[in-house]
Amino acid sequence: MSKLRVPKLPKLTSENRYHLLALLDDYERKHLLEPERNIPLDIFLRYYFLDNKHIYPLDRASIVDYAYTLTSYKLYLSAIAMRPLTWSRRLDAYMSHKFEQNLMNGDMPPNVRASFPEDLFQMIIDAYGEKDGFNM
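Under numbering that gives the first Met the number 0, the first residue of the sequence shown carries the number 0, and numbering increases by one thereafter.
Everything labelled a hint here was simulated from the structure, so no lab data went into it.
These numbers come from a predicted model, not from an experiment.
Treat the hints with care, since some could be wrong.
Straight line, CA to CA, 30 Å or less: simulated DSS-like cross-link-like pairs of lysine-lysine [said to hold, decoys possible]:
(1) LYS52 / LYS130
(2) LYS10 / LYS29
(3) LYS29 / LYS130
(4) LYS97 / LYS7
(5) LYS29 / LYS52
(6) LYS73 / LYS97
(7) LYS52 / LYS10
(8) LYS73 / LYS130
(9) LYS52 / LYS97
Please put together the full structure from these sequences, using the hints given.
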């Protein structure tokens with residue numbers, strides 16, 4: 000099995016970390032408490048930045064990159080992060096050496112390493128094979 004590509008993101012300032020965790024917590028809370036009002040992350044980010052106009056454009060770009068990366072690896076990060084699970088602990092797991100180290104851990108199910116729901120991952124493996132399906 001080949002190695003997954005891990006995005007290299009810029010260093011996160013404390014203020015950007017605060018905004019990243021605040022928006023991810025708010026996004027998750029709204030999705031759990033009000034499932035009928037679910038909106039895509041990109042639209043949620045737009046409204047968040049409209050409410051927080053003081054955030055500079057370069058900082059916004061960094062926050063958005065981290066938000067998309069963390070949400071795309073959410074299942075995997077939930078498997079390696081300390082409990083109880085919070086976005087802060089998932090971010091810490093992403094920034095730790097454990098993130099890349101455990102990507103090829105054979106003890107972890109492949110769908111978790113790919114951060115993909117098991118049933119959909121199996122459909123991709125069935126259609127493309129394990130090597131190509133894992134790298135999609």
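**Asked** Given the hint that LYS29 pairs with LYS52, does the C-alpha gap stay at or below 30 Å?
**Response** With a Cα-Cα distance of about 21 Å, the restraint between LYS29 and LYS52 holds, given a limit of 30 Å.
**Asked** Quick one, are LYS97 and LYS7 close enough, alpha carbons at most 30 Å?
**Response** holds (15 Å)
**Request:** Could you grab the alpha-carbon distance between LYS10 and LYS29 and see if it respects the 30 Å cut-off?
**Result:** holds (28 Å)
**Prompt:** Does LYS130 lie within 30 Å of LYS52 when you go C-alpha to C-alpha?
**Reply:** violated (44 Å)
**Asked** Keeping to a limit of 30 Å between CA atoms, is the pair of LYS29 and LYS130 held or broken?
**Response** Violated - the C-alpha atoms of LYS130 and LYS29 are around 36 Å apart, more than 30 Å.
**Request:** Could you grab the alpha-carbon distance between LYS52 and LYS10 and see if it respects the 30 Å cut-off?
**Result:** holds (21 Å)
**Message:** LYS73 and LYS130 were given as a pair; does the straight-line alpha-carbon distance stay at or below 30 Å?
**Reply:** Distance of about 22 Å is within 30 Å: holds.
**Satisfaction of hint between LYS97 and LYS73, Cα-Cα up to 30 Å** = With Cα atoms ~14 Å apart, LYS73 and LYS97 stay inside 30 Å; holds.
**Pair hint LYS52 and LYS97, alpha-carbon separation not exceeding 30 Å** = Since the Cα atoms of LYS52 and LYS97 sit roughly 35 Å apart, the hinted pair is violated (cutoff 30 Å).
Hint compliance for this structure: hints 1, 3, 9 are broken, all remaining hints hold.
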